[in-house]
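Two chains, two frames, some hints: make the complex.
Respectively, the protein sequence lines represent chains C and H. Okay, so the first sequence: first residue is 1 according to our numbering, each after it adds one. Okay, so the second sequence: first residue is 1 according to our numbering, each after it adds one.
Don't take each hint at face value.
[To be verified] No more than 16 Å apart at the CA atoms, straight line, and that leaves these computed lysine to aspartate or glutamate pairs for EDC-like:
(1) H:K71 <-> H:E88
(2) H:K147 <-> C:D12
(3) H:K123 <-> C:D12
(4) H:K71 <-> C:E208
(5) H:K28 <-> H:D220
(6) H:K108 <-> H:E88
[Claimed, not checked] Pair by pair, the computed Cβ-Cβ distance ranges are:
(7) H:N38 <-> C:I134: 44 to 50 Å
(8) C:I134 <-> H:G202: 43 to 49 Å
(9) H:K71 <-> C:Y25: 39 to 45 Å
(10) H:M1 <-> C:V108: 53 to 59 Å
In short, the hints are calculated from the structure, not lab data. Note that the coordinates shown come from a computational prediction; the quantities given were computed from them, not determined experimentally. Note that the Cβ used here is the ideal one computed from N, Cα and C, for glycine as well.
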Amino acid sequence: MRVHFKTSYNQDIRLFEDKWTLFVYSLLIILSFLMPYILDVFYLGEMTNVLIWAIAGLGLMLLTGHTGQASLGHAAFLALGCYSYAILVQKGVPFLIAFPLSSVITGVVGMIVAIPALRLRGIYLAIATLAMSILVDDVIVLAEPFTGGVSGIFSEPIFLFGMEIDRWGTPIAFYYVALVTIIIVTFGYANIMRSPLGRSFVAVRDSEVSAQAMGVNIARTKMISFGLSCAITGLAGALMGLFAGIFNNETFSVVISIQLLMMIVIGGLGSIHGAFFGAIIIGFLPQFLSISKEYVGDFIGGSAVAIPGLEFGVFGMILIAFIMFEPNGIYGRWVKIRTWFELFPFYRKGMFKRQKSFLKTERLQ
Amino acid sequence: MSLLEFENVTLRFGGVIAVNDLSFSVKKGEVFALVGPNGAGKSTAFNLISRFYQPTAGQIHFDGHDLLSHKASDVAALGIARTFQNNELFDHSTVLQNLLIGRHRHRKTNFLAEIFFTPSVRKAEIQNREMVEEIIEFLDLQPYRDKMIAGLPYGVRKVVELGRALATGPKMLMLDEPASGLSVEETTDMRWWIDDIRRQMGITVLMVEHDMGLVSNVSDRVLALADGSKLAQGTPAEVQTDPAVLKAYLGEVA
Ligand SMILES: Nc1ncnc2c1ncn2[C@@H]1O[C@H](COP(=O)(O)OP(=O)(O)O)[C@@H](O)[C@H]1O
Ligand SMILES: [Mg+2]
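The shape of chain H in the complex, shown without the other chains (with noise of 0.2 Å):
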């Protein structure tokens, strides 16, 4: 059964065609990867599902909805997490309050409740906090708990990142490039991550990833775009074969 729907998607930017007519699905349970080269529009596909850019023309679906009934900021009550290519973290403050932030989608209490702090506010704190720390635990973030994301290596960065999506408790995860500018060990954590985030956690995995090493261990099913267009799809052993694939590489480098 698919979770996401890509029906005929085009989205312009002036004369740039950054997504062009794309169609695919991904399937619940599954993880699914975007490859391609720069300017590809994987991103671009991203921002579409977090409802950042209006599509030209096309139908997006997820879990039964129509997506594109949605604003930005209710992408997230459906199940939809993401992280960023480009670290977007809340840098002024702690780890601990990025993940917290995860939770919002969560919110039952109102802002004058807040503002006394009333039990029900506590308790759904204490909920919220619980979560938290079991991220903090799988993700082995304790050291890191109570700094400033301002002073944090790249590397940590990017998996408090992947903690906040997951605090948000998503039915389907978005990585936009999770493995870029770690060092092999922070990659080979990566794909252990993954893996238990799929299998354990039950979570749909949609990623964008340049290094084809996790690629062809975490994922499934390989999509590679270029120029906004379907180039091929398969597994990542099919995909990585493929003449139209090799050459819009080979093309690349050349």
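So here's chain C without its partners, still in its complex pose (with noise of 0.2 Å):
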């Protein structure tokens, strides 16, 4: 059993507990920088994507986790900060300029975006952004001149310190891009989680009316979310660019940001480690299938068998599992587990009873 005693303010507001959670963390970080040691190449790629996933997770988790405002058009963000990016590396700009760059318009963007849809609440505001995401697709063709339309673009390898970084020539350098990125997003998030602007974020999603009254100004709040929240996308879509190689119209659909909002309620939505844990589930959902589709083929006979849109309907049933059965996605089933080690041998069954309750996002008021 595991007891905190707190001594200091500053103890409070430390990005890790105390120094169990410290060392924990640190190693994970370690373990991270020596996956490339430790993995082949191609499950190096897929741990990359799972990188690029869970950025994305983290800027909507930032939104529709935190602030509860539901977003189904944040692939729409994603092709931008592609787009932008490979743009920009076109036309000359350094990576180190164009990435953050990609971000910043894609922020600015998101920002003015939430100028009409703050209007909008809940399950209105998820149509509008989904008209959104549907939208991005003729935007992309219309602006052929810049965007490739239908027969895409090719996003660069990047250049930085003298060496070419890209998926396929060097995985381990790319692998290593996609960690540094999400390790400075992650903290950011959690300095803001422990700010009052992430105070007020919450206070925005749990009760408008008491925010108000306690002088957060809703509009402001909503629309920094907007930004900060389409600025990590951004990030997201960028390396999402750089991953795929070669991209168009179809590479950001609709499905994209369906997927994108599944993943974090399964992750646990209004926690950074949701969006991790969302980001593992959807990266090697496809593999495990893949795996037990041949299983499945031997077993009945055949060859690997081919079942379309398999993915997209397994991933659903274990989101509606999830919202059955653990509406806190990963995250809560996962400090169950903590608590019930921390507590050992003192847990009490239902203990965590009157806490399965909705967060308003989920209701989607």
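Listed below in structure tokens is the structure:
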């Protein structure tokens, strides 16, 4: 059993609750830096993909999980980040400027989009952002001179410190680009959550009326949340473009928006961990399914079976199962398991009973 | 000297007149109670002060400011804090985090500094926490400090809401039915807290309450409302024996 004693204010503000937590997370970071020496090239590529999805998940988590604004339009911001980065690089802007700049561009556009979207709530906001996601396809086709339209464009390899980095040629270096990005984003995110800004996000999510009575400007808070969320999503988009190499109007379809939202719900809304857990599921599900398809194929005597839409269907079923049995997502389940160990042998059944409530986001108000 | 002033305030919701040509003033440092049957317009008066509703007619002044020229989110900055009749807490946060949101109106850092958690952000956070720990101490909330609101009993939530309002460091505290749903012991605690808030912290209290025992114990003056209009005003004893008030209450019972 572990007991926390608090002796100073600084202790409550710390990113890591105690020395043990600091140790665990340091170990995790060291381990992720050692991944290229542990995994083969194929799985390192999968890992990179998971990291990129997790960055996108963090972007949406800020808006949906922490501020309570559902968005089914985040694929549009992935696209914006991806295209603005690729176009900037084509124009000769170096990586270290183009990458953050594409994030700023996406963030500013997100903030502008937020102005009309702010008038909408819950399901209406979801529908409006969904419409945006659908529109983006046409916009990319119409803006052909910049975007290459249906034939798409190509994201050039990164030039950094005299090195050429791309997913196929230098998978290890590319993995590190994604890893460093996610570490920076996560630290910034965790800092926000221990500051007044993060608290105002949560306040807006849980009760707009009392947030206002506490002096929180609802419209401004939602705008900042949209902006920061899109800025993070833009980074993920730029990396997705680099990962895919070539992309066109169909790369960032509505399906991606939906997948992203499902991912953070399964991972656990309202927690930074949730974005990571969700990304692991979404990243490894196709692998898991193709392996199990082979088994099923062997079992029924044929070769691998092809079932169209299987991946998405399984994903949907997992989502439904989580909403029914574990509305707090994988993170919620993990907290229970951790508590069980921390309190061992004093855990009481039903300890979490009262907490089985839904975030307002999930109810779509 | 009066801190809050209502001048001929009227609010209509379609055909319903929720507040009808209401005038009253709350003096600095007093405990002022609004009483009246359900639907009298008491909570609506609070919501007018919070700027959730725009009055159909009339003026509201607070501490020399024209309240009606302020947005709802700027009311806290003037020094007005409140609780809600049906708890409006941030359910998926801990007690500590709820109280910290009360400090929001004192925020001096911008979001960029907060992303990097600069030393100035840290300093401000430590100050916020010092204030909040005092309130936790004052309201005996230590056992619940790191607990989620969603799992707390009703009585504790009411106290947390009081704490969150106090954390804003207000000049005037508005309490909407602070004792409703509380046990006898909890109501007694509430009584002493309201006394301390007024006497030690020097905060003016405007409250809505049905428990006449509590009202007579803590308040200096009482305003009785019915159907949005003023029925009587005076000391608790005067109002309780006022013929119009008795009629309104008996009328409700009958
Ligand atoms: N948002 C609203 N829309 C329409 N009518 C309302 C609204 N808020 C309050 N009312 C009406 O105004 C009257 C006063 O309500 P309220 O102030 O809540 O009474 P109470 O004195 O019990 O707190 C009631 O008739 C109520 O139905
Ligand atoms: Mg009321």
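We went through each hint and held it up to the structure:
Note on H:K71 and H:E88: the hinted pairing is violated, with a Cα-Cα distance of about 20 Å set against a maximum of 16 Å. For the hint linking H:K147 to C:D12, the alpha-carbon distance of about 14 Å falls within 16 Å, and the restraint holds. For the given pair, H:K123 sits about 13 Å from C:D12 by alpha-carbon distance, which is consistent with the 16 Å threshold. Of the pairs offered as hints, the one joining H:K71 and C:E208 holds, with about 14 Å between alpha carbons and a cut-off of 16 Å not exceeded.
Pair hint H:K28 plus H:D220 holds up; C-alpha atoms about 12 Å apart against a cutoff of 16 Å. Only pairs whose Cα atoms come within 16 Å are accepted, and H:K108 paired with H:E88 is rejected, the gap being roughly 25 Å. Between H:N38 and C:I134 the C-beta distance comes to about 48 Å, which sits within the given range of 44 to 50 Å. Separated by about 58 Å at the C-beta atoms, C:I134 and H:G202 break the suggested range of 43 to 49 Å.
The given range of 39 to 45 Å is respected by H:K71 and C:Y25, whose C-beta atoms sit roughly 41 Å from each other. Distance hint for H:M1 and C:V108: a CB-CB separation of about 48 Å, inconsistent with the stated range 53 to 59 Å.
Taken one by one, the earlier hints fail for this structure at numbers 1, 6, 8 and 10, listed in ascending order.
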